[in-house]
Every structure is written in C-alpha cells, then in structure tokens.
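Asker: Sequence:
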Amino acid sequence: MAVLRSMARKITALKAQKRNPQRVNVYLDGEFAFGLARIVAAWLHVGQELSEAKIAELLRADAAEQAYQKAWRYLSYRPRSEAEVRTYLARRGVEPALIESVLARLRDLGLVDDEAFARAWVENRGTFRPRGRRALQAELRQKGISPDLVERALAEVDEEQLALQAGLKALRRYARLEWPAFRQKMGAYLARRGFDYETIRAILPQLWERRPSSPDELSEKGARR
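Letter by letter, the sequence shown follows residues 2 to 226 of this note's numbering.
Because the hints were derived from the structure by calculation, they are not lab data.
Beta carbons are placed, not taken as given, at the ideal position from N, Cα and C, and that holds for glycine.
Be a bit skeptical, because a hint or two may be false.
Restraint ranges, calculated between C-beta atoms of paired labels, are given here [as the list claims (entries may be wrong)]: (1) Ser77 to Glu50: 34 to 40 Å; (2) Glu101 to Asp197: 35 to 41 Å; (3) Tyr75 to Ser52: 17 to 23 Å; (4) Thr88 to Glu210: 27 to 33 Å; (5) Tyr78 to Arg202: 36 to 42 Å; (6) Ala9 to Ala91: 31 to 37 Å; (7) Leu99 to Ala182: 53 to 59 Å; (8) Ile40 to Ala121: 26 to 32 Å; (9) Arg174 to Ala17: 27 to 33 Å; (10) Arg142 to Glu32: 49 to 55 Å; (11) Ile40 to Ala14: 15 to 21 Å; (12) Gln70 to Lys186: 20 to 26 Å; (13) Ala9 to Ala139: 55 to 61 Å.
The calculated lysine-lysine pairs, modelled on DSS-like cross-linking and capped at a C-alpha distance of 27 Å, are [what the hints assert, rightly or not]: (14) Lys55 to Lys16; (15) Lys71 to Lys55; (16) Lys19 to Lys55; (17) Lys71 to Lys16.
Construct all of the structure, not just a fragment, from the sequences and the given hints.
Answerer: Dropping the structure here:
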C-alpha cells in the first residue's frame, strides 16, 4: 500500500489489471498508487483529486469487497454456516470487524442462513446418508449452529424411519447372516450412525423381515440396483 500524502493527489490513469480485469490500477500524480476492485473504482475518473481521507476510505471499501468476494467463492461450492464462513475468512487474515460486516451483507442477501442451512443438512442426510438424531446434532453443532436452531431442525425427524432407511442401504451386506449375527452386525452399523439403542431394537426385526428370502433374490435385487 502506498504511503498516504497529506495533500490531495490527482488521478492520472485508471487501468484494468491484465491478470485480473475485475481490478483496476489507480495512478496518482503519474505514479502507480494502489489497486481497487472494479466496483469500488467505478465512480473514479481521470483528473479527479483524492484527499488522504478519501484514499483511506477507498482502501477500506476495497478490503471489504475483497473479503466479500472470498466469502462468495467459498459459498459457491455448497451452502455454509455463518461459523464456517467466519472461520474461513479469519484463516485468510481478514480482520474480525470486517468479517462481521461481510456476514451482515451475506445475511441481507440471503446467502447465509443458519436455520435454512440446518434444515437442508438434515434433509440431505435423510435422503443420501441417514443418521440418527444424536449424530445429526453433533454434525450441526460442529458446523457452529446454535442449540436452538439445531433443535428446530431436528423437531420433525422420524428416528425410526431414518434408521430403517440406513439399515436398508446396508441390508445386502448382512443378508446371509443368521439372526444373532445379523442383530449384532446391523445393530453396530446403526449405532455407528448415531441411532440410539431403543430405535435400533425396534427396527432390527423389520430389517430382518425385509431380507431377501434366497440367494437368487439377493442377486436379483443387487442387479436391479
């Protein structure tokens, strides 16, 4: 960052950066001074004079825009919780006050919403990787979701239905076992996925009844998948 002068300085050139056209190099009094995001530099023009205070304001706005763009790129891969965004920006050296400013902007735009994030997380798990309430609660807390939002997201969870879905996904693995071994192996499998003892005990007989009745049926079901 160039040393700021006490007197006003005149913009003598504004040039898009070759490697990043979304940034503009600002030249003051014939010398390169600093780079700005294009959106920050949008209202500048050659011949305009900038005071020390105005330059400082522009640099603050540029830092905020850069932090916002980092957060936006991070969010473009998948939805994130506020805590995830906060941690991500902090690890990249963004100042705490600026992080909170970026989060406020993201909230206003609906790009971060912990309640919606928690609901979507639970729905996604239920569809693709069923987990028990205990496991879901731990995952959401790890994402920084507040306890009240976690409870709200889990309010409609049908533990037995999720356990049944999880068990059905693993049924072929244990289908040829006798009941004692099936009960032990499938029970351990469901426990590792966060289902409690009572739920597992209730669901095991249903899974046992849904086993293929013959090796041929097992092969046929596998082929249909």
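Asker: Each hint needs a verdict: does it hold in this structure or not?
Answerer: Here's how the hints hold up against the structure:
For Ser77 and Glu50, the Cβ-Cβ distance of about 38 Å falls inside the hinted range of 34 to 40 Å, so the restraint holds. For Glu101 and Asp197, the hinted distance range of 35 to 41 Å is satisfied, since their beta carbons lie about 38 Å from each other. For Tyr75 and Ser52, the hinted distance range of 17 to 23 Å is not satisfied, since their beta carbons lie about 35 Å from each other. Range check, Thr88 to Glu210: about 46 Å between beta-carbon atoms, so the 27 to 33 Å window is missed.
At about 40 Å, the beta-carbon gap between Tyr78 and Arg202 stays in the expected band of 36 to 42 Å. At about 36 Å, the beta-carbon gap between Ala9 and Ala91 stays in the expected band of 31 to 37 Å. Taken as a hint, the range 53 to 59 Å holds for the pair Leu99 and Ala182, whose Cβ atoms sit roughly 58 Å apart. At roughly 30 Å, the beta-carbon separation of Ile40 and Ala121 lies within the given 26 to 32 Å, and the hint holds.
For Arg174 and Ala17, the hinted distance range of 27 to 33 Å is not satisfied, since their beta carbons lie about 58 Å from each other. Arg142 and Glu32 have their C-beta atoms about 53 Å apart, which keeps the hinted 49 to 55 Å range intact. Taken as a hint, the range 15 to 21 Å holds for the pair Ile40 and Ala14, whose Cβ atoms sit roughly 19 Å apart. Take Gln70 and Lys186: their Cβ atoms lie about 49 Å apart, and the range 20 to 26 Å is violated.
Range check, Ala9 to Ala139: Cβ separation about 58 Å, and the 55 to 61 Å hint holds. For a cut-off of 27 Å, the pair hint linking Lys55 to Lys16 stands: about 19 Å separates their Cα positions. About 24 Å separates the Cα atoms of Lys71 and Lys55, which keeps this hinted pair within 27 Å; it holds. For the hint pairing Lys19 with Lys55, the CA-to-CA distance comes to about 26 Å; that is within 27 Å, so the pair holds.
Distance check on the hinted pair: Lys71 and Lys16 sit about 23 Å apart at the alpha-carbon level, within 27 Å; holds.
The structure fails hints 3, 4, 9, 12 (numbered hints given earlier, in ascending order).
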